[in-house]
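2 protein chains.
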Amino acid sequence: MMSRISFVVFLALTLAVLTGDQPVNSQAAGKTFNGFELVDKTGNIRKPADFRDHYELFGAWMVLDPKGNQMHVTYASPGAAEYYRKNGKFADGTVMVKEISKTDHAQMTTGDAHWATAPIQWFVLIKDEKHRFTNNPLWGDGWGWALFKADTPDKQVATDYKKDCIQCHIPAKSTDWIYVQGYPVLKSK
Amino acid sequence: MMSRISFVVFLALTLAVLTGDQPVNSQAAGKTFNGFELVDKTGNIRKPADFRDHYELFGAWMVLDPKGNQMHVTYASPGAAEYYRKNGKFADGTVMVKEISKTDHAQMTTGDAHWATAPIQWFVLIKDEKHRFTNNPLWGDGWGWALFKADTPDKQVATDYKKDCIQCHIPAKSTDWIYVQGYPVLKSK
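Quick mapping for you: the protein sequence lines, in order, are chains A and B.
For reference, each letter of the first sequence is one residue, going 6 to 194 in my numbering.
For reference, each letter of the second sequence is one residue, going 6 to 194 in my numbering.
Among the hints, erroneous ones may be present.
To be verified - Listed below are the simulated SDA-like cross-link pairs for lysine to any residue, each with C-alpha atoms no more than 20 Å apart in a straight line:
| id | chain 1 | residue 1 | chain 2 | residue 2 |
| --- | --- | --- | --- | --- |
| 1 | A | Lys72 | B | Ala111 |
| 2 | B | Lys168 | A | Thr114 |
| 3 | A | Lys103 | B | His59 |
| 4 | B | Lys107 | A | Gln75 |
| 5 | B | Lys103 | B | Lys46 |
| 6 | B | Lys91 | A | Asp58 |
| 7 | B | Lys91 | B | Val190 |
| 8 | A | Lys178 | B | Thr115 |
| 9 | A | Lys178 | B | Gly116 |
| 10 | A | Lys194 | B | Lys194 |
| 11 | B | Lys103 | A | His59 |
| 12 | A | Lys103 | B | Lys194 |
| 13 | A | Lys178 | B | Met113 |
| 14 | A | Lys194 | B | Pro158 |
| 15 | B | Lys194 | A | Thr108 |
| 16 | B | Lys154 | B | Lys168 |
| 17 | B | Lys194 | A | Pro124 |
| 18 | B | Lys194 | B | Gly84 |
| 19 | B | Lys178 | A | Thr115 |
| 20 | A | Lys192 | B | Ala123 |
| 21 | B | Lys178 | A | Gly116 |
| 22 | A | Lys160 | B | Lys194 |
| 23 | A | Lys52 | B | Lys194 |
| 24 | B | Lys167 | B | Asn141 |
The set of hints was computed from the structure by calculation and includes no laboratory data.
Let's have the full structure, built from the sequences with the hints guiding it.
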């Protein structure tokens with residue numbers, strides 16, 4: 006007769022096999038990179054609905070501008086930083102969301118503190134090592150590129166990543182177009 | 006004979022019962038509040054080792070100071086924001102980590118951008134609805150309070166939350182001592 010531990014292991018293995026055709030839950034696995042669940046067959050990108058609750062933080066940027074300060078917060082899909090630290094590159098399927106927000110500020114107990122208020126727009130990137138959508142002008146240079154604005158937050162509005170997106174990333178070309186210096190978690194957990 | 010689906014459900018339930026004495030994995034469950042795993046029997050608080058990889062973001066504060074700008078980033082244990090949105094309060098066992106960092110800045114394609122570099126210190130809070138450690142001076146007003154500094158990052162150095170911690174939180178007393186205005190995710194995902 007099987008011991009209790011063997012029985013649990015048997016049940017777990019059986020369950021794993023029987024449910025093997027289910028999508029992997031990115032939270033449970035912690036290291037899955039299922040960004041292509043956000044992409045249809047022609048390469049249209051959706052914004053992940055749950056990034057604030059379930060993504061990890063890469064880092065925050067405060068952009069000071071007399072015409073209106075902004076906070077830029079970059080989230081990434083679970084496991085993204087750990088993979089990068091181990092492999093020195095972003096995993097295929099990694100999703101990054103950069104949320105651009107208005108800010109407010111006040112003299113607080115910490116000093117002159119500025120914080121994010123209403124979102125303005127979101128940039129979404131999905132790492133694509135396999136050049137999946139060569140005919141779609143929002144895919145290229147190793148990424149899928151997308152833009153969503155707060156007035157229609159689920160409508161992708163970029164049309165050509167070479168015009169709408171990559172220009173601002175050219176200074177970061179040597180680090181796969183990503184400003185990694187602002188993301189300390191890519192160096193240490 | 007059971008259908009395949011019934012069999013999977015049966016196996017899942019059996020597995021759940023048999024493994025019920027295992028610690029719940031906070032990532033898998035997504036809604037567990039196991040902050041007391043960081044606390045010993047007398048109330049000493051450890052800093053969570055994996056908050057950058059596994060916690061969610063509440064929000065970021067940029068504190069502008071001629072003597073040295075700082076970025077303050079507040080992380081929380083998984084599920085914390087979702088619980089707060091549904092219940093209007095922090096779940097017992099919720100952990101918050103506020104990471105205080107030095108910053109650097111540069112004129113970038115976005116403008117005058119400031120970002121976090123080396124950590125200076127971390128404040129850790131654990132929500133305690135049950136007044137667990139009445140004789141420990143780092144517990145009270147509904148929270149456990151802790152401070153870790155970068156030179157000895159795993160050594161808790163606060164001695165009395167009334168002297169070392171809560172003074173800076175008095176303006177936020179009406180929102181359970183937390184500056185919720187800086188955490189948009191507490192209002193919407």
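Verification of the hints:
| no. | hint | verdict |
| --- | --- | --- |
| 1 | Lys72(A) x Ala111(B) | 18 Å, holds |
| 2 | Lys168(B) x Thr114(A) | 14 Å, holds |
| 3 | Lys103(A) x His59(B) | 18 Å, holds |
| 4 | Lys107(B) x Gln75(A) | 19 Å, holds |
| 5 | Lys103(B) x Lys46(B) | 24 Å, violated |
| 6 | Lys91(B) x Asp58(A) | 13 Å, holds |
| 7 | Lys91(B) x Val190(B) | 12 Å, holds |
| 8 | Lys178(A) x Thr115(B) | 16 Å, holds |
| 9 | Lys178(A) x Gly116(B) | 18 Å, holds |
| 10 | Lys194(A) x Lys194(B) | 25 Å, violated |
| 11 | Lys103(B) x His59(A) | 18 Å, holds |
| 12 | Lys103(A) x Lys194(B) | 15 Å, holds |
| 13 | Lys178(A) x Met113(B) | 14 Å, holds |
| 14 | Lys194(A) x Pro158(B) | 13 Å, holds |
| 15 | Lys194(B) x Thr108(A) | 18 Å, holds |
| 16 | Lys154(B) x Lys168(B) | 17 Å, holds |
| 17 | Lys194(B) x Pro124(A) | 12 Å, holds |
| 18 | Lys194(B) x Gly84(B) | 11 Å, holds |
| 19 | Lys178(B) x Thr115(A) | 16 Å, holds |
| 20 | Lys192(A) x Ala123(B) | 11 Å, holds |
| 21 | Lys178(B) x Gly116(A) | 18 Å, holds |
| 22 | Lys160(A) x Lys194(B) | 17 Å, holds |
| 23 | Lys52(A) x Lys194(B) | 13 Å, holds |
| 24 | Lys167(B) x Asn141(B) | 11 Å, holds |
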